[in-house]
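Chemist: Given the sequences, and given the hints that come with them, work out the whole structure.
Letter by letter, the chains look like this.
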Amino acid sequence: MTNRITPETTDAELVQRAKAGELDAFEMLTTRHEQRVYSLAMRMLRQEQDAEDVTQQTFLSALENLDGFRGEASFSTWLLRIASHAALKVIRKRKGLETVSLEAETEASEHSDSVPHPEFIADWRQSPEQLVQKREIQRLLDEALARLDEKHRLVFLLRDVEGLSIHETAEALDLSEANVKVRLLRARLQLREQLTQTLGDPATQLVRSHHHEH
Amino acid sequence: MKCEELLVMLNEYVDGTVDPAICDEFEKHLAGCNPCQVVVDNIRKTITLYKAGQPYELPIKFRERLHDALREKWKEKHPTPKDEK
Numbered sequence: 001m002t003n004r005i006t007p008e009t010t011d012a013e014l015v016q017r018a019k020a021g022e023l024d025a026f027e028m029l030t031t032r033h034e035q036r037v038y039s040l041a042m043r044m045l046r047q048e049q050d051a052e053d054v055t056q057q058t059f060l061s062a063l064e065n066l067d068g069f070r071g072e073a074s075f076s077t078w079l080l081r082i083a084s085h086a087a088l089k090v091i092r093k094r095k096g097l098e099t100v101s102l103e104a105e106t107e108a109s110e111h112s113d114s115v116p117h118p119e120f121i122a123d124w125r126q127s128p129e130q131l132v133q134k135r136e137i138q139r140l141l142d143e144a145l146a147r148l149d150e151k152h153r154l155v156f157l158l159r160d161v162e163g164l165s166i167h168e169t170a171e172a173l174d175l176s177e178a179n180v181k182v183r184l185l186r187a188r189l190q191l192r193e194q195l196t197q198t199l200g201d202p203a204t205q206l207v208r209s210h211h212h213e214h
Numbered sequence: 001m002k003c004e005e006l007l008v009m010l011n012e013y014v015d016g017t018v019d020p021a022i023c024d025e026f027e028k029h030l031a032g033c034n035p036c037q038v039v040v041d042n043i044r045k046t047i048t049l050y051k052a053g054q055p056y057e058l059p060i061k062f063r064e065r066l067h068d069a070l071r072e073k074w075k076e077k078h079p080t081p082k083d084e085k
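Chains as they are written, first to last, in the working numbering: chain D, 1 to 214; chain L, 1 to 85.
Simulated from the structure, these hints should not be mistaken for lab results.
Glycine included, each C-beta is placed from N, C-alpha and C at the ideal position.
Wrong hints could be hidden among the right ones.
Using C-beta positions, here's what the derived DEER-type ranges look like [as the list claims (entries may be wrong)]: (1) His-78(L) to Glu-119(D): 51 to 59 Å; (2) Arg-65(L) to Lys-93(D): 15 to 23 Å; (3) Glu-119(D) to Gly-32(L): 28 to 36 Å; (4) Pro-59(L) to Glu-129(D): 27 to 35 Å; (5) Glu-76(L) to Glu-8(D): 42 to 50 Å; (6) Glu-25(L) to Thr-6(D): 46 to 54 Å; (7) Lys-93(D) to Glu-76(L): 43 to 51 Å; (8) Val-8(L) to Thr-6(D): 44 to 52 Å; (9) His-167(D) to Glu-57(L): 38 to 46 Å; (10) Gly-16(L) to Glu-72(D): 23 to 31 Å.
Now the stretches of chain D that chain L is said to cover, found in silico as 3 or more residues with beta-carbon under 8 Å [stated by the list, open to error]: (11) 34 to 42; (12) 50 to 57; (13) 83 to 94; (14) 136 to 142; (15) 175 to 187; (16) 191 to 199.
Modeler: What follows is the structure, given as structure tokens:
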């Protein structure tokens, strides 16, 4: 006797049922999370074909490896993990690089870079609620995101857009939490800088004194 | 607390995970430092804006292809005697 699958059926239950052979359960999981995975891929890759490939790869991979998924992380975190690695692979391929571990590549750069200093400081003219209504705002957001290094972009997308915790983000990307935090900080500051240049009111622009202290 | 020190702890403050004692220091600094106030405010708004952004819709044809591909793969993985299409 099986219950009908409803919107209330949890991911965990769907996973169990999919493992037991119910295709409908896996289809439901896909339907629930496909937009999220696709959005992540589009924001990372900015190209529809690549995003579609990554999305398809992600769900096929999840299907293939479902037996190995033990439910320690949530299913959606697991999907985002697969998608993240797939997206990074595409970017590396675009750059003509070999696949190296994220951690290894990071070591050199993270220690020497310091935290970016805010340069353009000004109040925004409008609230996020007002801004989000405007069509051109999405383009502005995407362009700012595209200018980030993909390592920083990915952490920002997982943590701030997808709402994963620092811990979950670290797990998804095989990074230390400290590393995630540094990348997140950089991403947030860089995005702030870029957005403020467009959205900040020049009339309220402030100049920071470098010897300012209390 | 100097502006530099605040900058390093910006994540924790914005996320509300900073140690209460340090939080006090933070607030004291912010109370008297307009640039830092604005930066913190900018960051909060930045995050809000991205969170509120529209997710990308899957192109309809792609969605169909995706689900077809999954069903195909599923059949390979779970062959049943009555599958005879």
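Chemist: Take the hints in turn and mark each one as holding or not.
Modeler: Quick rundown of the hints versus the structure:
no., hint, verdict
1, His-78(L) to Glu-119(D): 51 to 59 Å, "holds, 57 Å"
2, Arg-65(L) to Lys-93(D): 15 to 23 Å, "holds, 22 Å"
3, Glu-119(D) to Gly-32(L): 28 to 36 Å, "violated, 21 Å"
4, Pro-59(L) to Glu-129(D): 27 to 35 Å, "holds, 29 Å"
5, Glu-76(L) to Glu-8(D): 42 to 50 Å, "violated, 31 Å"
6, Glu-25(L) to Thr-6(D): 46 to 54 Å, "holds, 50 Å"
7, Lys-93(D) to Glu-76(L): 43 to 51 Å, "violated, 27 Å"
8, Val-8(L) to Thr-6(D): 44 to 52 Å, "holds, 47 Å"
9, His-167(D) to Glu-57(L): 38 to 46 Å, "violated, 30 Å"
10, Gly-16(L) to Glu-72(D): 23 to 31 Å, "holds, 26 Å"
11, 34 to 42, "holds (count 6)"
12, 50 to 57, "holds (count 4)"
13, 83 to 94, "violated (count 0)"
14, 136 to 142, "holds (count 3)"
15, 175 to 187, "holds (count 3)"
16, 191 to 199, "holds (count 4)"
Hints 3, 5, 7, 9 and 13, counting from the list given before, are not met by this structure.
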